[in-house]
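Enquirer: Residue-level listing of the chains:
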Amino acid sequence: MSLVAFLGAIEIGLVFGLVALGVFLSFRVLNFPDLTVDGSFPLGAAVAATLIVHGVDPYAATAVAIAAGALAGLLTAFLNLRFGILHLLASILTMIALYSINLRIMGRPNVALIGSDTVLSPFQGLGLPNLTLKPLFAGVVLLVVGLLLTRFLLSATGLAMRATGSNPRMARAQGVDTQAATYVGMAISNALVALAGALFAQMNGFADVTIGTGTIVVGLAAVILGEAIFRARALTVWILGCIAGSVIYRLAVALALNASFLGLNASDLNLVTAVLVAVALILPGARNPLRAMIAGRKRP
Amino acid sequence: MIEVANVAVTFNRGTPMETPALRGLDLAIPEGQFVTVIGSNGAGKSTLLNVLTGDAAVTQGRVLIDGQDVTGWPAPRRAALVARVFQDPLAGSCADLSIEENLALAATRGTRRGFALAVDRGRRAAFRDHLRRLGLGLENRLGDRMGLLSGGQRQAVSLLMATLQPMKILLLDEHTAALDPKTAEFVLDLTRRIVEDQGLTALMVTHSMRQALDYGARTLMLHEGRVVLDVAGDTRNGLDVPDLLALFARQRGETLADDSLLLG
Numbered sequence: 339m340s341l342v343a344f345l346g347a348i349e350i351g352l353v354f355g356l357v358a359l360g361v362f363l364s365f366r367v368l369n370f371p372d373l374t375v376d377g378s379f380p381l382g383a384a385v386a387a388t389l390i391v392h393g394v395d396p397y398a399a400t401a402v403a404i405a406a407g408a409l410a411g412l413l414t415a416f417l418n419l420r421f422g423i424l425h426l427l428a429s430i431l432t433m434i435a436l437y438s439i440n441l442r443i444m445g446r447p448n449v450a451l452i453g454s455d456t457v458l459s460p461f462q463g464l465g466l467p468n469l470t471l472k473p474l475f476a477g478v479v480l481l482v483v484g485l486l487l488t489r490f491l492l493s494a495t496g497l498a499m500r501a502t503g504s505n506p507r508m509a510r511a512q513g514v515d516t517q518a519a520t521y522v523g524m525a526i527s528n529a530l531v532a533l534a535g536a537l538f539a540q541m542n543g544f545a546d547v548t549i550g551t552g553t554i555v556v557g558l559a560a561v562i563l564g565e566a567i568f569r570a571r572a573l574t575v576w577i578l579g580c581i582a583g584s585v586i587y588r589l590a591v592a593l594a595l596n597a598s599f600l601g602l603n604a605s606d607l608n609l610v611t612a613v614l615v616a617v618a619l620i621l622p623g624a625r626n627p628l629r630a631m632i633a634g635r636k637r638p
Numbered sequence: 070m071i072e073v074a075n076v077a078v079t080f081n082r083g084t085p086m087e088t089p090a091l092r093g094l095d096l097a098i099p100e101g102q103f104v105t106v107i108g109s110n111g112a113g114k115s116t117l118l119n120v121l122t123g124d125a126a127v128t129q130g131r132v133l134i135d136g137q138d139v140t141g142w143p144a145p146r147r148a149a150l151v152a153r154v155f156q157d158p159l160a161g162s163c164a165d166l167s168i169e170e171n172l173a174l175a176a177t178r179g180t181r182r183g184f185a186l187a188v189d190r191g192r193r194a195a196f197r198d199h200l201r202r203l204g205l206g207l208e209n210r211l212g213d214r215m216g217l218l219s220g221g222q223r224q225a226v227s228l229l230m231a232t233l234q235p236m237k238i239l240l241l242d243e244h245t246a247a248l249d250p251k252t253a254e255f256v257l258d259l260t261r262r263i264v265e266d267q268g269l270t271a272l273m274v275t276h277s278m279r280q281a282l283d284y285g286a287r288t289l290m291l292h293e294g295r296v297v298l299d300v301a302g303d304t305r306n307g308l309d310v311p312d313l314l315a316l317f318a319r320q321r322g323e324t325l326a327d328d329s330l331l332l333g
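Sequence lines, in order, name chains U and G. With our numbering, you'll find the first sequence wraps up at 638, consecutive numbering, no jumps. With our numbering, you'll find the second sequence wraps up at 333, consecutive numbering, no jumps.
Here chain U stands alone, though its shape is the one from the complex (with noise of 0.2 Å):
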């Protein structure tokens, strides 16, 4: 694999990483199986780029596109929870609405940034060059990101948040008011997956309306592989593996692609990615004593 490779790869796997904490927020803390992310990963991508193109602050452009996702996230949770839509359906219902309205946003399928101001402009005269530049700034976003999701999740709220996820019946005994805390948790967990859209366009210098597809399997991906390295369960290490999942799952693609000897080409990204879902859904199972040595305690 080449250096432009490999750091593609991070840079991906970063940017992604902002998606597997969405969809680890929504699937592991609120229980809340969201499909929602397929469309608001687009529209983050969409609403940034539209506005970059109509000549608006790319930063100020990047918290638009964030609050268009927190609008998706509610708009699930209040399908969901004020009609008893299931969830999982419901989500499906604002994914494909919200391919309508991503080609509405920009008016036609894609939408280029060639030239036009970005988030990374104001450090692009520092020397660093592009390549190491971008995973930089999407390391440093989703550190920023990472550590205040993980004190969030922390702090009383957000506590309330976990217990509603884990037994809403206790957390309504206990005065957590369970369906705003679903409803604070989709906003966030949609919030974050459009900022990785709207990272995303300004990083490749595009938008288009089918980036959207296949973003809750890679996000799933990175939440199991996550939970498959680091076994614990503490919060922190649970959120790390999140972010590290996405890395490496990016990294494990990019190597089965680069790999001549497999004679694996692009088209092959799916099938890849279904592979390792499922060795990393299935190895924890697994009676392996390699794993048992090198994890040193039983599973609970």
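Derived from the structure by calculation, the hints contain no laboratory data. Glycine residues also receive a C-beta, built at the ideal position from the N, C-alpha and C atoms. Do not rely on the hints blindly, as some may be mistaken.
What the hints assert, rightly or not - One-sided excerpt, in silico: chain U residues whose CB lies under 7 Å from chain G:
hint : residue
1    : 468
2    : 470
3    : 477
4    : 479
5    : 481
6    : 488
7    : 492
8    : 493
9    : 494
10   : 498
11   : 505
12   : 510
13   : 511
14   : 513
15   : 515
Said to hold, decoys possible - The calculated label-pair distances, taken between Cβ atoms and stated as ranges, are:
hint : chain 1 : residue 1 : chain 2 : residue 2 : range
16   : U       : 438       : G       : 89        : 46 to 54 Å
17   : U       : 518       : G       : 189       : 55 to 63 Å
18   : G       : 189       : U       : 341       : 44 to 52 Å
19   : G       : 95        : U       : 438       : 52 to 60 Å
20   : U       : 543       : G       : 184       : 54 to 62 Å
21   : G       : 246       : U       : 607       : 33 to 41 Å
Chain U is already provided as a structure; the job is to place chain G on it using the hints.
Expert: Relative to the frame of chain U, chain G by itself:
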């Protein structure tokens, strides 16, 4: 002071499945009284608790806690007034959270939750002291997941959780029914200790007539959504399980007689 005035609860109202669970139940519990409740399946014991917690909507009547009319309040809003220990040891705590996180959640029951750390050093020390009093060695396992504990340990912690915050009434919903006899006895003794030490107003639902008479100061018997027996003081002290059984049988017989009158 807890007051339940002429409360009726009907499930599946207006459908062929309509079931009246409570039919105009009246009950007043003065502050600091420990009341035990017995009754057969479907007598309305759990519904009475759900009416107090806000988990069941009343179709008629009023619920007052400490002089406040809470009839229309949803469960989370009543959490500051009402604490509950569930029958199922798994229901009262979060298996995925650590022991200290469960305690932290309960320590903020019914209050506004902010963004300060849920478990800080001061809280942790306080939790350790509370857990030590249970005598289960849990004070050294604060960071362990709740799911690793046995049913009896979880129920003991649930009881502790219920009493971390001041409340107007403690509801115990057959909270020892799912435990083995020895553990059940331990949890019951713990219950008595906590209720007496803190002078709590408590309502304990039980299936055991022995427990109903041995614990608390007043015993209620529910039947078909009404209070059919309400004894305290000397009358209660003079009662034994066979007397209670006889009363229970007579009560059922009388209602049967009533029904046959109606039908005849």
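Enquirer: Would the hint on residue 515 of chain U be counted as holding, given a Cβ-Cβ threshold of 7 Å to chain G?
Expert: OK, holds: residue 515 of chain U within 7 Å of chain G, min 5 Å.
Enquirer: A closest beta-carbon separation below 7 Å is what the hint needs, so does residue 492 of chain U meet it against chain G?
Expert: holds, 6 Å
Enquirer: Lying within 52 to 60 Å: is that true of the beta-carbon distance residue 95 of chain G to residue 438 of chain U?
Expert: At 58 Å between Cβs, range holds.
Enquirer: If you take the shortest Cβ to Cβ gap from residue 494 of chain U to chain G, is it below 7 Å?
Expert: With Cβ-Cβ at 4 Å, under 7 Å, it holds.
Enquirer: Hold the hint about residue 468 of chain U up to the distance rule: shortest CB distance to chain G must be less than 7 Å.
Expert: violated, 37 Å
Enquirer: Does the beta carbon distance between residue 246 of chain G and residue 607 of chain U stay inside 33 to 41 Å, or does it fall outside?
Expert: Distance hint for residue 246 of chain G, residue 607 of chain U is violated at roughly 54 Å.
Enquirer: Could you see if the CB distance from residue 438 of chain U to residue 89 of chain G stays within 46 to 54 Å?
Expert: Cβ of residue 438 of chain U to Cβ of residue 89 of chain G: about 50 Å, so the range 46 to 54 Å holds.
Enquirer: Was the hint right that residue 488 of chain U lines chain G, CB cutoff 7 Å?
Expert: Because about 11 Å separates residue 488 of chain U from the closest Cβ in chain G, which is outside the 7 Å limit, the hint is violated.
Enquirer: Note whether the CB distance of residue 518 of chain U and residue 189 of chain G lies within 55 to 63 Å or breaks it.
Expert: 24 Å Cβ-Cβ, so the 55 to 63 Å window is violated.
Enquirer: Between residue 543 of chain U and residue 184 of chain G, does the C-beta distance stay in 54 to 62 Å?
Expert: For residue 184 of chain G against residue 543 of chain U, whose Cβ atoms are near 38 Å apart, the range 54 to 62 Å is violated.
Enquirer: Would the hint on residue 511 of chain U stand, with a C-beta cut-off of 7 Å toward chain G?
Expert: holds, 5 Å
Enquirer: Would you settle whether the hint for residue 505 of chain U is holds or violated, based on the nearest Cβ-Cβ distance to chain G being less than 7 Å?
Expert: With a minimum Cβ separation of about 5 Å from chain G (threshold 7 Å), the hint on residue 505 of chain U holds.
Violated hints, listed in ascending order, are 1, 2, 3, 4, 5, 6, 17, 20, 21; each of the other numbered hints is respected by the structure.
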